[in-house]
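Got chain A; can you put chain B on it based on the hints?
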Amino acid sequence: QQQVKQSPQSLIVQKGGISIINCAYENTAFDYFPWYQQFPGKGPALLIAIRPDVSEKKEGRFTISFNKSAKQFSLHIMDSQPGDSATYFCAAIGNQGGKLIFGQGTELSVKP
Amino acid sequence: ETGVTQSPTHLIKTRGQQVTLRCSSQSGHNTVSWYQQALGQGPQFIFQYYREEENGRGNFPPRFSGLQFPNYSSELNVNALELDDSALYLCASSLDPIRELFFGEGSRLTVL
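Line order of the protein sequences matches chains A and B. In terms of this note's numbering, the first sequence opens at residue 1 and continues consecutively. In terms of this note's numbering, the second sequence opens at residue 1 and continues consecutively.
Extracted from the complex, chain A is given alone in its bound form (with noise of 0.2 Å):
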């Protein structure tokens, strides 16, 4: 019940194409839902992160697209460049905070 289940495990996108990647999770006691880009040999950077009070959040090229009914969100990242290409991890944590649980991760490559 405290899993985030996050696919694909890889992505290959061409250059101005749209990446997405899905998270599920099961607790519904989590109310916030970021999003961590990682560079090797970096820590992760928060990216954009949604509660669940709202369906959609933009920011620039990275859209999350939240489904509290099927506790389904999404990253969607618009126009890809080389630089996104990085690690992706979904998190999810509950209202009490501490611990934030972390998807697999999905390592994206956009090619030029």
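FYI, nobody ran anything at the bench for these hints, they're computed from the structure. Worth double-checking, as some hints may not be accurate.
Said to hold, decoys possible - Pairs of lysine to any residue, SDA-like flavour, derived with a Cα cap of 25 Å:
| no. | chain 1 | residue 1 | chain 2 | residue 2 |
| --- | --- | --- | --- | --- |
| 1 | A | LYS111 | B | THR5 |
| 2 | A | LYS58 | A | LYS111 |
| 3 | A | LYS5 | B | PHE60 |
| 4 | A | LYS42 | B | GLN41 |
Frame of chain A; chain B shown alone:
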């Protein structure tokens, strides 16, 4: 405003030894969380400290221990090192336990 800083960046230990990793939280942040990230995996929650008290612990044995100091910096100690402890150890700070986490670059531990 300085971000989260961790030291050392890399270290090599042998089985049975002890290690101490250090973290300086971002200015104004009173909460520090520690995560272990094995190669190719998502970060796993070790524990969180809020105002010098432990505020949640993940599924790690007692040989993983921590401290938070009055200036909100933190230490992670691991005793009796095992080969499986080889990982990237990430520290993250936040304004409080339920706010966004900001990660440092990590300390890469190799146990031989």
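>> Tell me the numbers of any earlier hints that the structure contravenes, in ascending order.
In response: Hint check: 1 fails alone, others pass.
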